[in-house]
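2 protein chains.
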Amino acid sequence: MKLYKLFILVLCFCSTAQAQNPDEKTIQSISEYIMMQGTAYDNLHYLCKNIGPRLSGSVQADKAIAATVNMLKQAGADTVYLQPCMVTHWERGPRETAYAYVNAKQKRQLNICALGNTVATPAAGIKARVVEVKSMQALHDLGIAGIQNKIVFINIPMDPRYIETFLAYSESGIGRRAGPAQAAKYGAKAVIVRSLASNIDTFPHTGVTQYNDSFPKIAAVAVSTADAEWLSTQLTKYPATEIYIKTNCKIFADKASFNVIGEIRGTEMPEQIISVGGHLDSWDLAEGAQDDGAGCVQAIEVIHCFKKLNLQPKRTIRAVLFMNEENGSKGGIAYAQHAEITKEQLIFALESDAGGFTPRGFSLQMNESQMAKVKSWSPLFYKYGVYHFVSGHAGSDVGHLHKLGTALAGLMPDSQRYFDLHHAANDVFEAVSKRELLLGAVNMTAMLWLVSEYGL
Amino acid sequence: MKLYKLFILVLCFCSTAQAQNPDEKTIQSISEYIMMQGTAYDNLHYLCKNIGPRLSGSVQADKAIAATVNMLKQAGADTVYLQPCMVTHWERGPRETAYAYVNAKQKRQLNICALGNTVATPAAGIKARVVEVKSMQALHDLGIAGIQNKIVFINIPMDPRYIETFLAYSESGIGRRAGPAQAAKYGAKAVIVRSLASNIDTFPHTGVTQYNDSFPKIAAVAVSTADAEWLSTQLTKYPATEIYIKTNCKIFADKASFNVIGEIRGTEMPEQIISVGGHLDSWDLAEGAQDDGAGCVQAIEVIHCFKKLNLQPKRTIRAVLFMNEENGSKGGIAYAQHAEITKEQLIFALESDAGGFTPRGFSLQMNESQMAKVKSWSPLFYKYGVYHFVSGHAGSDVGHLHKLGTALAGLMPDSQRYFDLHHAANDVFEAVSKRELLLGAVNMTAMLWLVSEYGL
Numbered sequence: 004m005k006l007y008k009l010f011i012l013v014l015c016f017c018s019t020a021q022a023q024n025p026d027e028k029t030i031q032s033i034s035e036y037i038m039m040q041g042t043a044y045d046n047l048h049y050l051c052k053n054i055g056p057r058l059s060g061s062v063q064a065d066k067a068i069a070a071t072v073n074m075l076k077q078a079g080a081d082t083v084y085l086q087p088c089m090v091t092h093w094e095r096g097p098r099e100t101a102y103a104y105v106n107a108k109q110k111r112q113l114n115i116c117a118l119g120n121t122v123a124t125p126a127a128g129i130k131a132r133v134v135e136v137k138s139m140q141a142l143h144d145l146g147i148a149g150i151q152n153k154i155v156f157i158n159i160p161m162d163p164r165y166i167e168t169f170l171a172y173s174e175s176g177i178g179r180r181a182g183p184a185q186a187a188k189y190g191a192k193a194v195i196v197r198s199l200a201s202n203i204d205t206f207p208h209t210g211v212t213q214y215n216d217s218f219p220k221i222a223a224v225a226v227s228t229a230d231a232e233w234l235s236t237q238l239t240k241y242p243a244t245e246i247y248i249k250t251n252c253k254i255f256a257d258k259a260s261f262n263v264i265g266e267i268r269g270t271e272m273p274e275q276i277i278s279v280g281g282h283l284d285s286w287d288l289a290e291g292a293q294d295d296g297a298g299c300v301q302a303i304e305v306i307h308c309f310k311k312l313n314l315q316p317k318r319t320i321r322a323v324l325f326m327n328e329e330n331g332s333k334g335g336i337a338y339a340q341h342a343e344i345t346k347e348q349l350i351f352a353l354e355s356d357a358g359g360f361t362p363r364g365f366s367l368q369m370n371e372s373q374m375a376k377v378k379s380w381s382p383l384f385y386k387y388g389v390y391h392f393v394s395g396h397a398g399s400d401v402g403h404l405h406k407l408g409t410a411l412a413g414l415m416p417d418s419q420r421y422f423d424l425h426h427a428a429n430d431v432f433e434a435v436s437k438r439e440l441l442l443g444a445v446n447m448t449a450m451l452w453l454v455s456e457y458g459l
Numbered sequence: 004m005k006l007y008k009l010f011i012l013v014l015c016f017c018s019t020a021q022a023q024n025p026d027e028k029t030i031q032s033i034s035e036y037i038m039m040q041g042t043a044y045d046n047l048h049y050l051c052k053n054i055g056p057r058l059s060g061s062v063q064a065d066k067a068i069a070a071t072v073n074m075l076k077q078a079g080a081d082t083v084y085l086q087p088c089m090v091t092h093w094e095r096g097p098r099e100t101a102y103a104y105v106n107a108k109q110k111r112q113l114n115i116c117a118l119g120n121t122v123a124t125p126a127a128g129i130k131a132r133v134v135e136v137k138s139m140q141a142l143h144d145l146g147i148a149g150i151q152n153k154i155v156f157i158n159i160p161m162d163p164r165y166i167e168t169f170l171a172y173s174e175s176g177i178g179r180r181a182g183p184a185q186a187a188k189y190g191a192k193a194v195i196v197r198s199l200a201s202n203i204d205t206f207p208h209t210g211v212t213q214y215n216d217s218f219p220k221i222a223a224v225a226v227s228t229a230d231a232e233w234l235s236t237q238l239t240k241y242p243a244t245e246i247y248i249k250t251n252c253k254i255f256a257d258k259a260s261f262n263v264i265g266e267i268r269g270t271e272m273p274e275q276i277i278s279v280g281g282h283l284d285s286w287d288l289a290e291g292a293q294d295d296g297a298g299c300v301q302a303i304e305v306i307h308c309f310k311k312l313n314l315q316p317k318r319t320i321r322a323v324l325f326m327n328e329e330n331g332s333k334g335g336i337a338y339a340q341h342a343e344i345t346k347e348q349l350i351f352a353l354e355s356d357a358g359g360f361t362p363r364g365f366s367l368q369m370n371e372s373q374m375a376k377v378k379s380w381s382p383l384f385y386k387y388g389v390y391h392f393v394s395g396h397a398g399s400d401v402g403h404l405h406k407l408g409t410a411l412a413g414l415m416p417d418s419q420r421y422f423d424l425h426h427a428a429n430d431v432f433e434a435v436s437k438r439e440l441l442l443g444a445v446n447m448t449a450m451l452w453l454v455s456e457y458g459l
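Line order of the protein sequences matches chains C and P.
Just add 3 to wherever you are in the first sequence, counting from 1, and you've got our numbering.
Just add 3 to wherever you are in the second sequence, counting from 1, and you've got our numbering.
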């Protein structure tokens, strides 16, 4: 690529083009400030490299709380405080092991990890024949006769035909979410689930599964997509293949933790609160850079930008870093409960929990008139790359506010790369583009500004 | 991120939603085929890892020609042939060296690379005082008095405020394109240009510079952005800092080479030709994955998809892999000359040379009525993430067809990450996302299909 695309897009995407009305000017100043002097990328580096994995209940989660309190103070928040919540406390323990015994000759180690909130295998591990299913229906069709005393291998790939990868994640995710409980119903000894990943590699991707109290709780692990492909091939050739699994995880009593909150008091209607946030906890295997360190540092950036540009919001701006989204959502629940009990006027809540990739739109979960108002602002976002203003779920943490009537929104970044690293050890700082991350913060700050000015 | 975004975007982006009209159905089948069975990613792996850097005139460029001929045959092209062209032949020789002598104590090696098509320093290298300029105007203001016998350090960062990074590249690029010639005018001994990169790291980014025959040709190198920042700081503290530069590059006589072409003959109007392409040459420092292996394998994917889905184009579809885009554009020129001489009816030419990132739009260089027709198709692209249909330059290779009246278009991928690796050693296969690459090919194939059906 040489110099010839110079004139592309002068009509759009060019943040330095003349801004017309006051909102356009304000949003342009927001964009220029964040793209030039944003701190989100440096804050993310600290969160990923100085703290690292921060699963709820862990020492690192406590460190992440302390670190982000400091970041919010540095950003200039008027008030920074902790909101107590009890969180799920599950620990993986020593890394899991699994071997496939294909035949007398061939033994191979598998790249696996226990699913979140699962029970461990017995101390000696579990060794058994394997039965593969490629759908939940196939699992039910096998029933007790086909499953009892076996290890069930649920091999449901993400469907690459979905352009929006979250749809593929949702569809194939049934195996991880419900598979172990259903397999237990038919007497399975353990479950191996193909990682929910859009690529083929050797990283196992964890995530929660939901047990069903009517059935026994059995060990459940995710296996890398590369190993899932290999295993599926072996099973067609050697149906007698056995697998040995040993997991060491443990669920403890809920533990006291906190959501981290920083506010800028509104100048005219401080009682009306507009919140923006992501979740501070991450899975224990990863740095949690895209999921969801990105959303946290973007929320902090909103505060930082308002203060440094001396933007005076009419309504109160609140950054919320939720705890325990990954394996309990108890931070989000506590946040909603507190708002309900104290009768807070939470008029709007924006969540960023789909990665720090190039922003493409907002998913709006609000009533018709509120949606019409937000959509009327959409032209202000076009030159910052945001075009989609669609009805949809806003996010898992703010979702708990729905019943309070809070208007909700979720940032929709480009989703093509997310499930290459989601919940896996390759979700690291290096996988985040500084410009993509900051551009998300630009659009979030712009949205907060408009809601703080005009309400909903 | 858990399971809560399930319903986002069911309205859009969901390629498996019911397609209505025949074109919608065809494009859906194109998308599903390429996302599931596309070969572009594997072809790119071969080009990057089995061949690697392929600067015009190099042995690897010849290997890339042979390899892509084979890929086009594998893709099922009716005819595959080579179009002769003479290309620029410049060689870097042994890697360059540069040292900054800040003061008596401090000597530091700098990460540099010669700019394309530049002359070498004398065998002993060049050592001289350094003068920094932060704009071309500053260079002219210094004039002979400030520049003669010095090394000029042109330190113009890319402006992060541009959301469309190509605009920043264009603006700051003046230093690399014209700086060395202008510095020579004032008697400079050599020029060091800050790399045209949107991030701060230690990779020098090469690229061509244009000498001016009225002035002496002097050695010119790019320095990494990290070193540029360091050097700028040192110069404020130690204005007497000297730099030693040694480059070993050489320009040879033009060399015979080829554009690689594969065609599917049109069923009704075979004389009307629709071409799609990227450039096969890359800089010698990089694998040329994003620039522009991506465009080449996407063009091959178009042929592959038409054949495998048995789509019968009414007009002839032609994939063109241009040679010598980076440092001469002589493949593109030869392609246009051949079309002119043989009076080919080249009705449309699409270029992909902005990286294999998530596609965002098309840049259209055509007359009003043609543009209106293309824009009337835009709703067919929305669910594949492509929204921008804007007037702009299509690309450097197809640009030579403009004078023939060919309607031109350029794929516009997301540009946030491109200049982190453009023309540098980190432009490698690993920097390409399979889904992003394939999604570009989907939209390119869809556009080719529509033009082949309806013409312009």
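These aren't lab readings, by the way, just hints derived from the structure by calculation.
Careful, some of the hints might be misleading.
The list makes no distinction among identical chains, and a pair is therefore deemed to hold if it is satisfied within one copy or across any two copies.
As the list claims (entries may be wrong) - Here are the simulated DMTMM-like cross-link-like pairs (lysine to aspartate or glutamate), alpha carbons at most 20 Å apart as the crow flies:
(1) K130 with D257
(2) K28 with D162
(3) K188 with D144
(4) K52 with D204
(5) K137 with E266
(6) K406 with E371
(7) K108 with D144
(8) K66 with D26
(9) K28 with E371
**Asked** Looking back at the numbered hints, which does the structure fail to meet, lowest number first?
**Response** 1, 5, 7, 8 and 9
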